[in-house]
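Enquirer: So the chains spell out like this:
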Amino acid sequence: MNAPAAVAPAHATKGAIRIQNVDKVYYAREGAVQAVSDCSLDIRAGEICMIVGPSGCGKTTLLNAIAGFHDITGGAIYLDGDMLCGPDKPKAEPGPDRVVVFQNGALFPWKTNLENVAFGPVVQGKLTRAQAEEKARGMMADAGLVGVEHNYPGEVSSGMRRRVEIVRALMNDPKVLLLDEPFRALDSLTKSVMHEALLEIYYKNKVTIFFITHDLEEAIFLGHRVAIMTTRPCKPKKILEVDIPHPRNYSVLTSPRFRSLMEETVNAVHQEAVKAFEAGEKEM
Amino acid sequence: MFTYRFSKWLRSPTPYLMLVGFALFFGAWFLLSEVFKFWRFASLPGPRQLLVEWFNPNPVYGMSLYTPDYYMHVWMSLRRVLYAFAISTCLGVPFGLFLGWSKAFKEFTFPVFETLRPIPVLAWVPLAIVMFKGDETPVIFLTTLASFYATALNTMLGVQSIDPSFPRAAACLGASKWQIFRHIIVPGALPFIFTGLQISIGVAWFSLVAAEMVSGEYGLGYLILASYVNVQYVVIIIGMVSVGIVGYASSALVRLAGDYLMQWRVRELALGSGR
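Sequence order for the protein chains is A and B.
The opening residue of the first sequence carries number 1 in the numbering used here; numbering runs sequentially from there.
The opening residue of the second sequence carries number 1 in the numbering used here; numbering runs sequentially from there.
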């Protein structure tokens, strides 16, 4: 692997992911499917790395391998130099150093927002329930979540739910946040609010973010880098450095630099989308 | 809170529609059996005859709200149902949870379960009498059977209905397998478990009456059968209506318990209905 192309964000000390020649084959009704093939990608400690690709291209397979939900059939994945999964250990163990925020949201509906946020440290036995709830209250307040602590997730707006879920992940002081199209179901106005909220949380918490999306504007607005993936089998086709300085806010959307990056991405992604469409890929 | 909910209920159409439903049912019964004496309904006791006998301090057939024997029948049946419901819940919920949770457990127990399930309660009667001593235990066994199936099956479906993201999210947050079971699987299956429990208590009444017809010297099922033998049709109807009322009340209690344990659903639904 070649060395990272640019210096990692200055604050970063942990959370570098090295994806090395990863393969994933799974067996479906139509036979063996190569979801990921010889995929290599270095994610720098503390960066926001956006993964963009057509539906069903195998992005989520990659995320599931890092999170430890699925095994890989070749290659290896390292987190800060430690092997998560590799030749001897095809499946990583899920753990609080790599927390996933799910596409459709996975706040537990039977726990209040506060109980959800406090869940991690309590089940790990790191904090007592009272301590965890105290910390949760503080973190929720930092993220602008006041007055919804004792509501159930089903009682608050979907944008609010997303924020609670991100705070729940950050409670564990993870090295990496794995976001799987977390804002997909939101309307575009809520989405833009969520983007700024996520950046604000990121500036405070300094965590590596692995973010899957197929919204290009979202990808360029949030990411330090955007990795455009080929359609199945999935591997990086092009890695784009977004040289717009952080902290960013919504005014960059109209800047000429943003527009030119957008153009560059659209062309690369469009070719893959056409390929995926012609191959009749299904959403997975 | 309770008075608020009650007054809200009174202002909604629910109680009035319920009254209309009962009025239509009893009205049709009254007209068919007592006014028009329509066809074979003529030999059926009507609601007026039922009420006269039921509220009679000196009942013609010796069974009314004023006779201690009546309460003995109701109480014996109620006690048997409570035993059966408790046993079937204590066995059926854990069994269903493991069926849904462990593939291996399901593979070796579910086929046996599915083979036993269609066998009607009445077919078990002779075996129950051979297997269990006394009068009470065979009746309770027979009553438990069908309830157990309903509870176990619904609990299993409940576990299977859980969004796979939930256990994954819990694993990400550092929960052990046992913690996932306790914090995700059990509450996640709760809505289906309570559907199962409501079916289960209904089915318990259902099979109790069948079981009591075979053995026992008290109980509403026994009362119905004995009145049939003695050609006291009004008493049969007293028995039937009593089963209906007590059964309705018991499943309403189960529903209330479910609402209490599943506050999150009550509150989500309250939001969704738009008031």
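It is possible that some hints are incorrect.
Here are the computed lysine to aspartate or glutamate pairs in the DMTMM-like style, where the Cα-Cα straight-line distance is at most 25 angstroms [unchecked claim]:
1. LYS89(A) with GLU134(A)
2. LYS204(A) with GLU134(A)
3. LYS177(B) with ASP215(A)
4. LYS14(A) with ASP173(A)
5. LYS103(B) with GLU133(A)
6. LYS177(B) with GLU155(A)
7. LYS8(B) with GLU155(A)
8. LYS14(A) with GLU30(A)
9. LYS111(A) with GLU34(B)
10. LYS91(A) with ASP80(A)
11. LYS177(B) with ASP97(A)
12. LYS191(A) with GLU107(B)
13. LYS91(A) with GLU268(B)
14. LYS204(A) with GLU263(A)
15. LYS126(A) with GLU155(A)
16. LYS133(B) with ASP80(A)
Derived by calculation from the structure, the hints in this document are not laboratory data.
All values derive from a computational prediction rather than experimental measurement.
Enquirer: Could you tell me which of the hints above the structure violates, numbers in ascending order?
Expert: 1, 3, 5, 6, 8, 9, 12, 13, 14, 15, 16
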